[in-house]
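Asks: Spelled out from the first residue to the last, the chains are:
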Amino acid sequence: NAGVTQTPKFRVLKTGQSMTLLCAQDMNHEYMYWYRQDPGMGLRLIHYSVGEGTTAKGEVPDGYNVSRLKKQNFLLGLESAAPSQTSVYFCASSSGGRKYNEQFFGPGTRLTVL
Amino acid sequence: QQQVKQSPQSLIVQKGGISIINCAYENTAFDYFPWYQQFPGKGPALLIAIRPDVSEKKEGRFTISFNKSAKQFSLHIMDSQPGDSATYFCAASERHVSNTGKLIFGQGTTLQVKP
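Chains as they are written, first to last, in our numbering: chain A, 1 to 114; chain B, 1001 to 1115.
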């Protein structure tokens, strides 16, 4: 099993450009999450999904959109990139349910917006 | 609003020493407290977790101590090794609100264990 994979691994954008980050998991997990990691800020939740076809806002959703058309995939979109979106983005998944479940993280995407 | 505050931001420990990282939370409804470990260039991975019905949980050299009245919990790494050098994140979750599994993370602590 590959676990959680993210593409691309690195990307450089110019201000105003758009892009989509892809997250895929092969663990049949219900829940998926997108985080951004910035120095001294920890991991902050952008958007999340508790099942196919559902999405919800997290702590820092502005400037991002997401879609979960298939259970195994969770896409994060930046419509008009800004330098403040320079960050490392992590996707995570968990089996969800009524008990606490470990979140499994992907390797991250390092995004630079010039 | 930072609901989970982590300290110190960085920590240097000699091999064989004890590493201690502290976290404090505000929301008394939090009922799950995991610690994640992240190596450079990798995603975080669950290290150990505790629920508030116990005051301590130990797994090998890693121990979580939990103080419910003080709203604090800490990670102790005994006999620290150079291979423990990583960034550590505490986190907290509130299960009953919406069953979303959302975690609130602390700011992270970069640990360096010197040989």
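It is worth saying that the hints were derived from the structure and are not from the lab. There's no promise every hint is true.
Stated by the list, open to error - Capping the alpha-carbon separation at 30 Å, the derived lysine-lysine pairs in DSBU-like fashion look like this: (1) K1058/B to K71/A; (2) K1015/B to K1058/B; (3) K1015/B to K70/A; (4) K1042/B to K14/A.
Asks: All hints, please: hold or fail.
Replies: Structure-based check of all given hints:
{"no.": "1", "hint": "K1058/B to K71/A", "result": "35 Å, violated"}
{"no.": "2", "hint": "K1015/B to K1058/B", "result": "20 Å, holds"}
{"no.": "3", "hint": "K1015/B to K70/A", "result": "47 Å, violated"}
{"no.": "4", "hint": "K1042/B to K14/A", "result": "25 Å, holds"}
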